[in-house]
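Going down the list, the protein sequences come from chains A and B. If you're matching positions, the first sequence starts at 94 in our numbering and goes up one per residue. If you're matching positions, the second sequence starts at -7 in our numbering and goes up one per residue.
Hint data in this document are derived by calculation from the structure and do not stem from the laboratory. Given the structure is predicted, the values throughout are model-derived calculations rather than measurements. Quick reminder that beta carbons are idealized off the backbone N, C-alpha and C, glycines included. Incorrect hints may have been included.
Output of the computed footprint for chain B on chain A, the stretches with three or more beta carbons under 8 Å from beta carbons of chain B [to be verified]:
#1 129 to 141
#2 152 to 164
#3 234 to 243
#4 263 to 276
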Amino acid sequence: MGNTAYTAPTFSGDTTTTAEAEAADVALAASGDGRAFERLYRAHVARVHSLVRRMINADVADDVTQDVFIRAWTKLSTFRGEAAFGTWLHRLAVNVILGRRTVLGTERARLTSSDVALEQVPGRDAPGRNELTIDFEAAIERLPDGARDVFVLHDIAGYKHEEIAMLLGIVPGTSKSQLHHARMALRRQLDR
Amino acid sequence: MTDHWADRLSEYVDGELRLQDAQALEAHLASCPTCKAVLVDLRRVSARARALDDTPPVADLWPGIARAIGVVAAAPARSGRRLTFSVPQLLAASITLIAVSGGAVWFTTHRGVPPTVIEHVPTAAVMGATASWTGAAPYAAAIAELDSALQEGRKAGRLDTATIGVLERNLTIIDSAIAQAQRAVLADPGSAYLNQHLAETMQRKLELLRGATSLAASRT
């Protein structure tokens, strides 16, 4: 019990009440309050689970999501309140996902050629494919890892290329290129 | 499509081209229906991605997480009468304490830390809703009784300095959390989440004090 590393967050006069309640829960959880941590879990599990599902797959999403929150519990004392808790948790989740994916051995060759990307994602005119609408999430899952990571982090999660580059260990130019490859592959799935 | 602007369309969609390049691309788009069509598609893909919802797992993962991090229920107090409070009682206690203190509420810490004072004027609706409840006194009495037992344990030397320090830090954190939660509820009294959060935080203070007094009593 006890948290010697806690740094009290500062609040502006117009800070949302929910944000303040969450900051209080972070402080309580950092001091060992399991119920406060459970509230944080319930507030953020959908976003984390969806991130895991999109960056790895649905089969291991539950397991990896648990890993994320277990890691978050052990790292709570390092949260300084400089960013929103959700932002901190999301970045932690990305690191857990990348580490887990390497262990799982599902890392595929990073995309280097736009032609390869276009061929790997079936177009709407592929044999037997008559749907007018597509399962967008399923199409994202079929992207090569490099393109998928950048697309999920940029277009879904809202990261900038500089942030993505730091998270993935690439340069921003590669991030931009991968994003373009992903979009070009997915555009073939759009209904008209 | 092999023109040199094709690979830069995504940057244009995201507003990342320099002004000069963007203007040159726009001039190209005016005479290239292929690139124009691709641009429309890229914007649709990006918009589709932004519109995706986050969905929780089908199964509740919390029990497994709780087991892994060792979260257990608080031990019952060994000494003294045990008062339990429902969520509505805790909320009404909080609001009534605000009302009877003339618009300000505080939780004294007895630990040399300045009390947290919140300046709020309860609305007539809030005060009216709690006027008939008398639970504020029992909650305050329970807190006072437990706090008194803790201080006795401290004076009698049954709790060492390090333990006292940890307890005081945690109570300071909880008092601050209660004050913040009260402010949030007063600003948005209809929020079920904020009301539940405040009630649980107040309950947490009770349980922390019970645990501390139990610890002190066990060392007689």
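To see whether the hints hold, each was checked on the structure:
1. With 9 residues bearing a CB less than 8 Å from a CB of chain B, the stretch 129 to 141 of chain A meets the requirement of three and the coverage assertion stands.
2. Only residues whose beta carbon comes within less than 8 Å of a beta carbon in chain B count, and the stretch 152 to 164 of chain A has 6; three or more means the coverage holds.
3. Figure legend: the stretch 234 to 243 of chain A, annotated as covered by chain B; annotation inconsistent (0 residues with Cβ-Cβ distances under 8 Å, at least 3 required).
4. Given a C-beta distance limit of less than 8 Å, the hint that chain B covers the stretch 263 to 276 of chain A holds, as 5 residues qualify and 3 suffice.
Checked against the numbered hints given earlier, this structure breaks only hint 3.
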